[in-house]
Amino acid sequence: MAVEVRIPTILRTYTDGAKAVDASGATVAEVIDDLEARHGGIKERLVDGGDLRRFINVYINDEDVRFTGGVDTPVKDGDTLVVLPAVAGG
Amino acid sequence: MLKISGGIRDAIVAHARRDHPDEACGIVAGAEDGDEPTRWVPMLNAARSPTFYEFDPSELLTLYRELDDRDEVPVVIYHSHTATDAYPSRTDIGLAMEPDAHYVLVSTRECGNADGPVEFRSFRIVDGVVTEEDVELVGRAAN
Numbered sequence: 006m007a008v009e010v011r012i013p014t015i016l017r018t019y020t021d022g023a024k025a026v027d028a029s030g031a032t033v034a035e036v037i038d039d040l041e042a043r044h045g046g047i048k049e050r051l052v053d054g055g056d057l058r059r060f061i062n063v064y065i066n067d068e069d070v071r072f073t074g075g076v077d078t079p080v081k082d083g084d085t086l087v088v089l090p091a092v093a094g095g
Numbered sequence: 016m017l018k019i020s021g022g023i024r025d026a027i028v029a030h031a032r033r034d035h036p037d038e039a040c041g042i043v044a045g046a047e048d049g050d051e052p053t054r055w056v057p058m059l060n061a062a063r064s065p066t067f068y069e070f071d072p073s074e075l076l077t078l079y080r081e082l083d084d085r086d087e088v089p090v091v092i093y094h095s096h097t098a099t100d101a102y103p104s105r106t107d108i109g110l111a112m113e114p115d116a117h118y119v120l121v122s123t124r125e126c127g128n129a130d131g132p133v134e135f136r137s138f139r140i141v142d143g144v145v146t147e148e149d150v151e152l153v154g155r156a157a158n
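Heads up: the sequence lines are chains A and Z, in that order.
Numbered by our numbering, the letters in the first sequence go through residues 6 to 95 in order.
Numbered by our numbering, the letters in the second sequence go through residues 16 to 158 in order.
A hint or two may mislead.
The following label-pair restraints were derived from C-beta to C-beta distances [stated by the list, open to error]: (1) 20/A to 148/Z: 20 to 30 Å; (2) 31/A to 99/Z: 27 to 37 Å; (3) 83/Z to 45/A: 44 to 54 Å; (4) 73/Z to 81/A: 14 to 24 Å; (5) 74/A to 98/Z: 33 to 43 Å; (6) 68/A to 106/Z: 25 to 35 Å; (7) 36/Z to 6/A: 44 to 54 Å; (8) 99/Z to 42/A: 20 to 30 Å; (9) 82/A to 132/Z: 21 to 31 Å; (10) 77/A to 151/Z: 22 to 32 Å.
The following residues of chain A were derived to be distant from chain Z, with all beta-carbon distances above 10 Å [to be verified]: (11) 14; (12) 55; (13) 69; (14) 71.
Selected chain A positions facing chain Z (Cβ under 7 Å, derived; list incomplete) [claimed, not checked]: (15) 15; (16) 18; (17) 46; (18) 52; (19) 60; (20) 76; (21) 95.
It should be emphasised that the hints constitute simulated quantities derived from the structure, not laboratory data.
Beta carbons are placed, not taken as given, at the ideal position from N, Cα and C, and that holds for glycine.
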């Protein structure tokens, strides 16, 4: 499944500045693995021990994947995967 | 240096007073090719906490879509501290993910919900390093 991945400013160091990149996979986890193959180092910023990091939000189209199965959420051809770090603090 | 209109500054302070003792949060958007905060966007603190803030993840997506559509960026990201000074906490520093933003901190510890002294300070937070910057009020743009 080919998807477009929207990259937040802070992670564009891994994508040569690109705001959006192509990746493929049948699930969010597979897309992230493919991203890692193309843009080494990015995976560690997104996942920790197999799960999404607490302060990283990933959406498939409009859906927060936390409510649809997390990294096991299936993706379809043409989906857009959006990565947004939480805006949070203490 | 953060240049911000007095009107937007007042709106941020009023938001912080209103939400005290919980932390208030939001952004001020501006054109992506400039460094001028022009559009105040108050956000809900999904944590509803006196010691933590977090934009609701679903509202966060809506916000960033809107910024994209308008060719805007979050020039200012603000939140309040309600019991401590207007300086980034360790949590703030650890979670700061917008290296190009001005992080504005407001402290309502003295004024609470009422009129009274507030602190309004601005910082850059890049790779865990905090640098305070001057705040210059410009004009009195209504907002």
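Taking the hints in turn, this is what the structure says about them:
no., hint, in the structure
1, 20/A to 148/Z: 20 to 30 Å, "29 Å, holds"
2, 31/A to 99/Z: 27 to 37 Å, "47 Å, violated"
3, 83/Z to 45/A: 44 to 54 Å, "27 Å, violated"
4, 73/Z to 81/A: 14 to 24 Å, "21 Å, holds"
5, 74/A to 98/Z: 33 to 43 Å, "39 Å, holds"
6, 68/A to 106/Z: 25 to 35 Å, "28 Å, holds"
7, 36/Z to 6/A: 44 to 54 Å, "47 Å, holds"
8, 99/Z to 42/A: 20 to 30 Å, "44 Å, violated"
9, 82/A to 132/Z: 21 to 31 Å, "58 Å, violated"
10, 77/A to 151/Z: 22 to 32 Å, "50 Å, violated"
11, 14, "6 Å, violated"
12, 55, "20 Å, holds"
13, 69, "5 Å, violated"
14, 71, "8 Å, violated"
15, 15, "5 Å, holds"
16, 18, "10 Å, violated"
17, 46, "15 Å, violated"
18, 52, "16 Å, violated"
19, 60, "6 Å, holds"
20, 76, "16 Å, violated"
21, 95, "3 Å, holds"
Hints 2, 3, 8, 9, 10, 11, 13, 14, 16, 17, 18 and 20 from the earlier list are contradicted by this structure; the remaining hints agree with it.
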